[in-house]
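Novice: If you read the protein sequences in the order shown, they are chains A and B.
According to my numbering, the first sequence is numbered sequentially starting from 1.
According to my numbering, the second sequence is numbered sequentially starting from 1.
Since the hints were made in silico from the structure, they are not lab data.
Any given hint could turn out to be false.
Claimed, not checked - To spell it out: a stretch of chain B is covered by chain A in this simulated footprint if at least three of its residues, at any positions, have a beta carbon under 8 Å from a beta carbon of chain A; those stretches are:
id, region
1, 82-91
2, 103-115
Stated by the list, open to error - Residues from chain B shown here face chain A by an in silico Cβ test under 10 Å; the list is partial:
id, residue
3, 245
4, 247
5, 248
Claimed, not checked - A few chain A residues that don't get close to chain B, going by computed Cβ distances all over 10 Å:
id, residue
6, 78
7, 120
8, 139
These numbers were taken from a predicted model, which means no experiment stands behind them.
Think of the CB as a built atom: it goes at the ideal place given N, C-alpha and C, for glycine as much as any other residue.
Residues per chain are reported as follows:
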Amino acid sequence: MMIQIRDLSKTFTLHNQGGAVIPVMAGATLDVAAGECVGLVGASGAGKSTLMRMVWGNYRAGGGSIRVGGLDVARATPREIIALRRRTLGYVSQFLRVVPRVPTIEVVAEPLLLLGSPPEAARARAASLLTRLNIPERLWSLSPTTFSGGEQQRVNIARGFAHAYPALLLDEPTASLDSENREVVLRLIEEAKATGSAILGIFHDEVARDRVCDRLVDVRAFTPGAMT
Amino acid sequence: MTHQPKFLVADQPLFAVEGLTKRYGARIGCADVSFDLFPGEVLGIVGESGSGKSTLLSCLAGHQRPNEGRLSYAGRDVLAMGETERRRLARTDWAFVHQNPRDGLRMGVSAGGNVGERLMAVGARHYGTIRATATDWLGRVEIAADRIDDRPSAFSGGMQQRLQIARNLVTGPRLVFMDEPTGGLDVSVQARLLDLLRNLVRDLGLSAIIVTHDLAVVRLLADRLMVMKDGRVVEQGLTDQVLDDPQHGYTQLLVSSVLQV
Numbered sequence: 001m002m003i004q005i006r007d008l009s010k011t012f013t014l015h016n017q018g019g020a021v022i023p024v025m026a027g028a029t030l031d032v033a034a035g036e037c038v039g040l041v042g043a044s045g046a047g048k049s050t051l052m053r054m055v056w057g058n059y060r061a062g063g064g065s066i067r068v069g070g071l072d073v074a075r076a077t078p079r080e081i082i083a084l085r086r087r088t089l090g091y092v093s094q095f096l097r098v099v100p101r102v103p104t105i106e107v108v109a110e111p112l113l114l115l116g117s118p119p120e121a122a123r124a125r126a127a128s129l130l131t132r133l134n135i136p137e138r139l140w141s142l143s144p145t146t147f148s149g150g151e152q153q154r155v156n157i158a159r160g161f162a163h164a165y166p167a168l169l170l171d172e173p174t175a176s177l178d179s180e181n182r183e184v185v186l187r188l189i190e191e192a193k194a195t196g197s198a199i200l201g202i203f204h205d206e207v208a209r210d211r212v213c214d215r216l217v218d219v220r221a222f223t224p225g226a227m228t
Numbered sequence: 001m002t003h004q005p006k007f008l009v010a011d012q013p014l015f016a017v018e019g020l021t022k023r024y025g026a027r028i029g030c031a032d033v034s035f036d037l038f039p040g041e042v043l044g045i046v047g048e049s050g051s052g053k054s055t056l057l058s059c060l061a062g063h064q065r066p067n068e069g070r071l072s073y074a075g076r077d078v079l080a081m082g083e084t085e086r087r088r089l090a091r092t093d094w095a096f097v098h099q100n101p102r103d104g105l106r107m108g109v110s111a112g113g114n115v116g117e118r119l120m121a122v123g124a125r126h127y128g129t130i131r132a133t134a135t136d137w138l139g140r141v142e143i144a145a146d147r148i149d150d151r152p153s154a155f156s157g158g159m160q161q162r163l164q165i166a167r168n169l170v171t172g173p174r175l176v177f178m179d180e181p182t183g184g185l186d187v188s189v190q191a192r193l194l195d196l197l198r199n200l201v202r203d204l205g206l207s208a209i210i211v212t213h214d215l216a217v218v219r220l221l222a223d224r225l226m227v228m229k230d231g232r233v234v235e236q237g238l239t240d241q242v243l244d245d246p247q248h249g250y251t252q253l254l255v256s257s258v259l260q261v
């Protein structure tokens with residue numbers, strides 16, 4: 001199993017707000033096999049993003065385990081998580097976070113460069129993804145920080161798909177895309193599945209969800225105190 | 001404890017720090033700081049003024065002697081070294097980038113001389129080679145070759161900072177200490193410097209320890225983050241975990257106090 005989550009829980013403690021303790025998740029359990037796409041559903045605030053962030057490792061797990069390619073992210077050292085993110089686990093978030101002024105082509109090629117790919121090969125892969133996602137070539141040498149929201153999202157997607165990660169997290173990858181680009185993204189997801197990626201995603205776009213997801217998991221079952 | 005497979009962690013830390021404490025009389029500069037830094041890793045140290053982060057950096061870099069603790073670099077006990085040996089290490093394997101470029105440059109010497117001098121300090125003697133290497137490094141930090149004979153006093157703040165970086169990196173160090181490297185620079189110049197630093201770290205496989213109060217800078221540069229308050233480390237971990245899900249009250253306050261742009 002590529003992604004294996006067992007009895008995962010999460011509590012926030014707000015030290016500057018009277019030490020308020022807010023349990024947000026309990027007993028979360030799910031699997032994602034290689035080549036499978038699992039969609040997280042549940043109302044806004046039910047914990048979809050929280051669960052994704054715990055898998056990515058930027059939210060600390062309260063209890064339980066999150067195995068990604070054999071590494072338990074809930075207990076891993078920062079160094080192990082960095083290595084995991086470099087090689088095994090990808091994440092297309094809704095926000096593009098980059099050093100201002102870095103050209104778009106470099107932003108997209110960076111995950112490959114970090115893995116030691118030859119620069120020409122990394123840029124060629126970046127160029128082919130940007131072309132598929134309809135980012136005009138005249139923009140490639142510019143920083144994406146000046147782009148429109150939809151363009152930034154496509155740059156983010158190109159970057160997320162540059163390396164064929166065995167496990168991939170997708171947070172609303174088709175939001176704010178026109179139908180043509182949405183189709184490109186859905187094909188990228190299908191291709192990643194065909195090459196064995198295990199994908200865990202949040203898709204508000206129901207048509208997209210129905211097309212790429214093999215299964216849906218309702219995170220309301222993981223709300224603390226929920227009847228399961 | 002369940003079995004945890006090892007992911008590319010077979011190598012040893014480049015720099016290992018244990019229980020480092022520096023006191024000034026009864027006052028604590030920094031207390032009981034421990035961490036391991038691996039090759040290619042960037043560690044950010046954040047905290048407000050007076051949190052002890054600069055004291056810590058100067059103890060790590062050998063500018064001050066700690067009262068307690070252990071420092072080991074590539075398996076060698078740094079505090080047990082003689083002065084000569086430690087200076088040689090600081091010249092060959094380490095580099096220190098000061099917040100104010102004037103503290104790290106020789107203002108009366110040309111840009112090329114500032115870079116070349118460091119090469120000569122580690123034994124380079126051939127003038128042509130030194131000048132060619134200096135020109136190459138000025139190019140890497142985006143200083144035009146025709147400025148090689150100008151003095152740094154004729155440069156802008158951002159250019160001075162890039163020159164300081166070239167002067168420090170020309171000898172191929174493996175560990176770079178940086179004290180607020182982007183402090184005091186315009187944001188557009190900061191971005192250029194961040195891009196440069198990231199590429200150098202990636203391409204040369206450098207390890208770096210960066211002290212800053214700027215959380216946006218560490219998010220973009222540091223793999224790991226250490227938060228200091230009153231001389232002590234209150235929290236450390238993966239950079240985005242510390243910033244997105246801070247566990248300590250002080251870190252929560254620090255993160256929530258940043259203005260969003």
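Novice: If a hint holds in the structure, say so; if it does not, say that too.
Specialist: Hint check:
Counting residues of the region 82-91 of chain B whose CB falls under 8 Å from any CB of chain A gives 0; the rule of at least 3 is not met. With 0 residues bearing a CB less than 8 Å from a CB of chain A, the region 103-115 of chain B misses the requirement of three and the coverage assertion fails. Residue-level restraint check for residue 245 of chain B holds (minimum Cβ-Cβ distance to chain A is 4 Å; threshold 10 Å). Checking residue 247 of chain B against chain A: minimum C-beta separation of about 7 Å stays under 10 Å; hint holds.
The beta carbon of residue 248 of chain B comes within 7 Å of a beta carbon in chain A, closer than 10 Å, and the hint placing it at the interface holds. For residue 78 of chain A, the condition that its CB be more than 10 Å from all CB atoms of chain B is violated, with the nearest at approximately 4 Å. Every CB of chain B is more than 10 Å from the CB of residue 120 of chain A (nearest about 15 Å), matching its label as outside the interface. Even its closest Cβ contact with chain B, about 18 Å, leaves residue 139 of chain A beyond 10 Å, as expected for a residue assigned away from the interface.
Hint check: violations occur at hints 1, 2 and 6; the rest are consistent with the structure.
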